[in-house]
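S.K.: Just so you know, the protein sequences line up as chains A and B, in that order.
Using UniProt numbering, you'd call the opening residue of the first sequence number 1 and step up by one each time.
Using UniProt numbering, you'd call the opening residue of the second sequence number 1 and step up by one each time.
Careful, some of the hints might be misleading.
When chains are identical, the list treats them as one kind, so a pair holds in a single copy or across two.
[Unchecked claim] List of simulated lysine to aspartate or glutamate pairs, DMTMM-like, C-alpha gap at most 20 angstroms:
#1 44 <-> 317
#2 134 <-> 55
#3 217 <-> 89
#4 110 <-> 317
#5 335 <-> 391
#6 110 <-> 318
#7 240 <-> 58
#8 335 <-> 119
#9 134 <-> 212
#10 44 <-> 229
#11 240 <-> 22
Quick caveat, the hints were computed from the structure, so don't treat them as lab data.
The structure displayed is predicted, hence computed values, not measured ones.
Protein chains: 2
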Amino acid sequence: MPERIEADYIIETSDDPRRAAEAAAGEQSSGTFVPVPGETPELKQRSAARIEALDLLETVSTPSLPGSAGTPPDGHFQRARVTLSWPLDNLGPSLPNLVATVAGNLFELKQFSGLRLLDIRLPDAFGGAYPGPKFGIVGTRRLAGVHQRPIVGTIVKPSVGFGPAETANLTQTMCEAGLDFIKDDELQSDGPHCPFDDRARAVMRVVNEHADRTGRKVMFAFNITGEIDQMRRRHDLVLKLGGTCVMASLNSVGLVGMIELGRFSQLPIHAHRNGWGYLSRAPMLGWSYIAWQKIWRLAGADHMHVNGLANKFSEPDDSVIASARECLTPMFADKPCLAMPVFSSGQSAKQVPPTYAALGSADLIFAAGGGIMAHPGGPAAGVAALREAWDTTLRNAPSAASADFGPVEAKAS
Amino acid sequence: MPERIEADYIIETSDDPRRAAEAAAGEQSSGTFVPVPGETPELKQRSAARIEALDLLETVSTPSLPGSAGTPPDGHFQRARVTLSWPLDNLGPSLPNLVATVAGNLFELKQFSGLRLLDIRLPDAFGGAYPGPKFGIVGTRRLAGVHQRPIVGTIVKPSVGFGPAETANLTQTMCEAGLDFIKDDELQSDGPHCPFDDRARAVMRVVNEHADRTGRKVMFAFNITGEIDQMRRRHDLVLKLGGTCVMASLNSVGLVGMIELGRFSQLPIHAHRNGWGYLSRAPMLGWSYIAWQKIWRLAGADHMHVNGLANKFSEPDDSVIASARECLTPMFADKPCLAMPVFSSGQSAKQVPPTYAALGSADLIFAAGGGIMAHPGGPAAGVAALREAWDTTLRNAPSAASADFGPVEAKAS
Chain A
1 MPERIEADYI IETSDDPRRA AEAAAGEQSS GTFVPVPGET PELKQRSAAR IEALDLLETV
61 STPSLPGSAG TPPDGHFQRA RVTLSWPLDN LGPSLPNLVA TVAGNLFELK QFSGLRLLDI
121 RLPDAFGGAY PGPKFGIVGT RRLAGVHQRP IVGTIVKPSV GFGPAETANL TQTMCEAGLD
181 FIKDDELQSD GPHCPFDDRA RAVMRVVNEH ADRTGRKVMF AFNITGEIDQ MRRRHDLVLK
241 LGGTCVMASL NSVGLVGMIE LGRFSQLPIH AHRNGWGYLS RAPMLGWSYI AWQKIWRLAG
301 ADHMHVNGLA NKFSEPDDSV IASARECLTP MFADKPCLAM PVFSSGQSAK QVPPTYAALG
361 SADLIFAAGG GIMAHPGGPA AGVAALREAW DTTLRNAPSA ASADFGPVEA KAS
Chain B
1 MPERIEADYI IETSDDPRRA AEAAAGEQSS GTFVPVPGET PELKQRSAAR IEALDLLETV
61 STPSLPGSAG TPPDGHFQRA RVTLSWPLDN LGPSLPNLVA TVAGNLFELK QFSGLRLLDI
121 RLPDAFGGAY PGPKFGIVGT RRLAGVHQRP IVGTIVKPSV GFGPAETANL TQTMCEAGLD
181 FIKDDELQSD GPHCPFDDRA RAVMRVVNEH ADRTGRKVMF AFNITGEIDQ MRRRHDLVLK
241 LGGTCVMASL NSVGLVGMIE LGRFSQLPIH AHRNGWGYLS RAPMLGWSYI AWQKIWRLAG
301 ADHMHVNGLA NKFSEPDDSV IASARECLTP MFADKPCLAM PVFSSGQSAK QVPPTYAALG
361 SADLIFAAGG GIMAHPGGPA AGVAALREAW DTTLRNAPSA ASADFGPVEA KAS
């Protein structure tokens, strides 16, 4: 792990790429656009961000984003991959201040017609300062009682409209269908028609009765998204009722709220990424998932949504797989912070073989909505079909040892 | 104010625009892509999002974003302005859940090659549920002791590298130069070389001594960006030391953290928007500032950064002015939630006349860095030049009563 904070970007500029990268490094550290009293070479030496690498990529004839300064002399905008680094001592191991440093006033600089954060690498001090996932893969598997295969899940639909009793009824159907995992929709937290406390009580009565009968407690991820006190109170209620998971929307709660949740939670945190599109869909702007998910894992997210193969959204399959593999890649030598990737969005048995072939791991949550609930043979047949697809796929797979990410409970956080 | 939550979007699609808008409305309310048990017409009627308006705009031949489904039959992608609405009872007056509703899993839908949130309108219940700015324009003016003209400010530069003593020395220079307002840089909160507590004590000693001598307490916005407990402790220290403002980076703290800060703060909150570029710079993706700033004002932001005319970033002037005017536009009849717009980024006396001409209000913070510190006559001459530019501009202005946003202390929150 580096002693300095490192961030990789793809940039696009009409300027000389090194000069543009220097402007970004200056803006995000000790640079001033006019000399000011007290500025010294020693101070600059100690605090300045550095360009660690700069590799030219292709040129393009049209700027990706509006508002950049001037037109290039030869009519082409140069793209480059740049690594900047900062001394840890500029900010200390603080996630909120890290975000202002690596993803602050950069994207608007008129030197750039494109700038996207691709990856970040953090000194070990960050691993020491934050809890990371408290449950991760091992803890989630223990609580869900599912081993050596993916956790098969579904979602409460319709997203909004159901009251507590209807949600509990659907939960009953889902438990009986053999699901391992059920999640609230991200649109339903504590709506007046479906108050959180009533829903949690009604659902956990069903889940607990089913556990008493069968010995298996289905993991229900309750959407506790709300203000700090609300999340704390809802978390405590879920814990008291014997629940085994809470869910929160990352972009609704935000970083400091998620850090707080990560510190107090005694249950796995199912992190929903709704809104991710506005951070990522313009290819030359915003965040890559590779960089973004590291922030949330360190803050304590146990499960991270990664979309799914052949999904209903705009994301290509290779991006989905790269995201999922990253969640299963250690962040620090002493603190891997592994999170369980959650595959969802239009998933069915069809996507099972290609998902495993591409990921090489069974450490995932595989969530299907319509693929289960609308199965011609009913929900139980839908679950059975998914389980069967996974069993067959895993049985036919090359041995675990040969897979890059093969059954990895041993290396879980 | 509407009884339902309303959101305006610009969309771009290869599909029929109404069908695409219906997909978005379904995704963000009671839609399911296959029928599920328990779904009823009554439930849909009660909870479904509605299309309130759909106006066709221009067509384009190239999709703005990758990943949309298919190519249009005539080779053109249709843009449209769409208003969706939701029953308040789907979520209740909850800002975090509002964000998941109006800005959740929409931007990735493959029906769209572009989708941007333009504006939101909220039922009065939101105004009742959140504090809004506790100080706003009137409270900030009272604490800063500045009336009938903009608050003239500057920033501690270099952003990082200074320790507490150097920051205090610079503050001394700035106080003596006649500034009304000084802010920490967004990159400096509690770095090991510039610990927050030491900096706050050293700076407030200077500010308080200056106030004892002159009767005027310069407003210093201390960057308290950090975790909840850190922000609370830092806020309390600033308050105890006699400070009059705290600052936080919106995209670092996030919504739930800012709501918490808004609830406990006894000082004006100076809200920094660093990172705004990644949310907004792609014209057919993300958030408009008009929609975005409403969330933060409701959460309690007293000062909102809006960039400045002829700035060093990529934003055009008309966008800057639209943002600033919006901060001065009431959100609710009984609760205007006005925030003071903060003009900054490459500002000097040159921008004063066009800023007032375009905004028609003196209710703003006008922050200049190099324009003050690098003035040929020294910082005091730099401040004097700015003050003189504003005095002249306001003296020559048409009467306050005739300006749309003329001196508005009377209508402040």
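S.K.: State for each hint whether it applies.
M.R.: Going through the hints against the structure:
1. 44 <-> 317: Classified as neither: same-chain Cα gap 44 angstroms, cross-chain 33 angstroms, threshold 20 angstroms.
2. 134 <-> 55: This pair counts as neither: shortest intra-copy Cα distance 38 angstroms, inter-copy 49 angstroms.
3. 217 <-> 89: neither (46 angstroms within a copy, 32 angstroms between copies)
4. 110 <-> 317: between (33 angstroms within a copy, 14 angstroms between copies)
5. 335 <-> 391: neither (31 angstroms within a copy, 59 angstroms between copies)
6. 110 <-> 318: For residue 110 and residue 318, the Cα distance is within 20 angstroms only across copies (16 angstroms; inside one copy 31 angstroms).
7. 240 <-> 58: neither (57 angstroms within a copy, 56 angstroms between copies)
8. 335 <-> 119: Answer is within; shortest intra-copy Cα gap is 18 angstroms, inter-copy 43 angstroms.
9. 134 <-> 212: Neither. Shortest intra-copy (27 angstroms) and inter-copy (52 angstroms) distances fail the 20 angstroms Cα cut-off.
10. 44 <-> 229: neither (43 angstroms within a copy, 32 angstroms between copies)
11. 240 <-> 22: For residue 240 and residue 22, neither the intra-copy (54 angstroms) nor the inter-copy (40 angstroms) Cα distance is at most 20 angstroms.
The structure fails to meet hints 1, 2, 3, 5, 7, 9, 10 and 11 from the earlier list, while all remaining hints are met.
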